[in-house]
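Q: These protein sequence lines map, in sequence, to chains A and B.
680 is the number of the first residue of the first sequence in the working numbering; add one for each residue after it.
680 is the number of the first residue of the second sequence in the working numbering; add one for each residue after it.
Please note that a few of the clues may not be correct.
Where chains are identical, the list cannot tell them apart; a pair therefore holds if satisfied intra-copy or between any two copies.
What the hints assert, rightly or not - List time: in silico DMTMM-like cross-link candidates among lysine to aspartate or glutamate, alpha-carbon distance up to 20 Å: (1) 766 / 726; (2) 884 / 753; (3) 1021 / 992; (4) 1022 / 992; (5) 858 / 910; (6) 858 / 691.
Calculated from the structure, these hints are not laboratory results.
Given the structure is predicted, the values throughout are model-derived calculations rather than measurements.
What follows is each chain in one-letter form.
Protein chains: 2
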Amino acid sequence: MLTSEIIAIGSELLTPFHTDTNSLWLTEKLNSVGIDVKLKTIVGDDEARLEEVLKDALQRSQVIISTGGLGPTEDDITRKVFSRVLKRPLILHEDILANIRHLFESRGFPMALNNERQALILQNAQVLNNPRGTAPGMFIIDSDKRIVMLPGPPREMKPMFEEQVLPNLQKLSHGLRVKRKVLKVSGMGESAVDALIAPIYSKYKNPTTTILFNRTEVQIHLTASGSTDKEVERLLEELSNKLEEKLGANVFSVQGESLEEIVGRWLAVKQFTIATAESCTGGLIATRLTDIAGSSRYFLQGLVTYSSQAKIDLLGVSADLIEEKGVVSAEVAEAMAIGVKKKSGATFGVSVTGLAGPDGGTPEKPVGLVYIGLASDVEVTHKKLQLPGDRERVRWLASTVALDLVRRRYLL
Amino acid sequence: MLTSEIIAIGSELLTPFHTDTNSLWLTEKLNSVGIDVKLKTIVGDDEARLEEVLKDALQRSQVIISTGGLGPTEDDITRKVFSRVLKRPLILHEDILANIRHLFESRGFPMALNNERQALILQNAQVLNNPRGTAPGMFIIDSDKRIVMLPGPPREMKPMFEEQVLPNLQKLSHGLRVKRKVLKVSGMGESAVDALIAPIYSKYKNPTTTILFNRTEVQIHLTASGSTDKEVERLLEELSNKLEEKLGANVFSVQGESLEEIVGRWLAVKQFTIATAESCTGGLIATRLTDIAGSSRYFLQGLVTYSSQAKIDLLGVSADLIEEKGVVSAEVAEAMAIGVKKKSGATFGVSVTGLAGPDGGTPEKPVGLVYIGLASDVEVTHKKLQLPGDRERVRWLASTVALDLVRRRYLL
């Protein structure tokens, strides 16, 4: 595999407030054409340090991608330093200057003089047009090295790289194709997933398998390489099928969809509808369901019944039941689900009652205790959970289990 | 100011899935004792490259902090490479080994042999204890350099750095004190804020001022340095007061609180209550209000009335009004706010109706058109918005304006 490195330039990236997210996107794209990222450097608007970093990079990597530092101010040092290190003078391109001037005039401003800098191009560099901003990028072939200078703003950088750089780099890697497939899993922890599927994936060197956990779900990333798309897809398909067979209904998505998308799609296709009654999740299930465009087809209403009185008034839960069983109980969860289904006329009523904390727990009913209720025409069920973590995590996990409970209905 | 650099070690940090978040936290802490971060490098489990990076770092920085690569496997190269570059042999510490062995036994596992590696310490390094994991860190004084090796997992790294490293580094910077204060602003864009306050803050070299926008709010970061806490606080206070005076009611927080915290605190203090009626925000306002621990004191109920029928059934909005004015209208927003206030008995009813998109817009009512309603005992008002961005952004901005509208009630 070809090796590359990424240099992110800008003092704002060395503060506690900014992380370099450009490089994640670039890594994904470089990997997809068979180029490995071996190093990332984040350097401020600091000529001496950038010069040293660039010299090192030229020693060890075949492809060098920089982002940022191409603006019009004194702080924007990329052009100057790359010119010096690569020993290529900066040459003013009149046509680029005319473009920049035109852009300012069309916005009704005169062009400040320092913008002229953005029309300076390293000798023999290929100009990368920037229809979304003023600073053009550059692509340089220097013996066996490829050096790419991109602007910092993602909305300028991404299309420029994808349209004007990636096709060139793809040729460089002799048509090596790399593809990823992501399986998303619910209802199991990271290590349980690994224990179950390691005996299968460890037999494969290609694809490689990585198991990740984000706050939403466990993800299994398969990465395959080969000389044709068809070959790569076949490799992914073979391992993916084996893993899906092993994991069964726990795999909820194989094309990157979120849980709420998967649930929404099924409800829409079946012409089913849903309504929610939430206590400790405070509207999070409704928010997630309605995150999806077109959710008005299946989402009828959501009730956030935070107080006991609201559960009685809005959902028709009996005050005696709350008194007898407690507001955090299987019986109240089921009564809430029945109540919201009846009230809304939806196919499914889903409910949550629980203790998100940090206060309010007792030895019998500790923080993290959550009941999910689900009511349909044929049955009413509940699920009891004891969830770990802080308030935010308990709420998020509870909303995830609730959505997953709906999803698992259609597997029956 | 002293200069430092951070080296994050681990091949997983060179994938598209992981960003180095440790370094943001470390930057904040280093800045707080007057140490600047001048460079960050992310390197894989790659001895040659790490060696080169470390040698460069020793040339140019006074403080070098590494994270990661201290585990028990072959991939964990930090110990080996640092030993070689610093020319300090690795020495087995029997007491650390005994600790690690004990940790495994107490968990009921025998210790795998490769864990012995974690008891290897560079000659004359100070051992940094790791009560939350197996790998100890190291602190090395090498002529005028300080080299700190920390484990990668944040829950091990952070307390180790804060308790065992930071006090040492603070001495190094001769007691220089650096503090930050953050003002959060609503109801104005980043450039409007800058235009208003630049004439004030540009007169100050200390504190320095940075204006940031995240999806939640505009933030004004003031950073001051001095030789005593008192002096630094006085510097922050002086500029902060001037900016607050200029920005007036647009400043909603001066101690890091979120908008929902500020609103919640006011409602709780006044013993007021609130209820929500949401259409396009789908429960997001309720979710944000109930994110705050103790919100059950003031949050009574939330209704997500996504369909027109739900607005009629649950909120008592008249079908004729919806027919006449359209469901996205000032009149319906106000009727929703009145409806939920009446239904719940809350002090305030707040409502949202709008078009979050991407579909459903018309020339008269384009995507992004949102009406917020607010009903109290004394008046009913609404606010019309035309919001930019995609579905997620429109929903988020609408929920923010709704919360801010409640906040601004108490300024009257």
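Q: Flag every earlier hint the structure violates by its number, smallest first.
A: Of the numbered hints, all hold.
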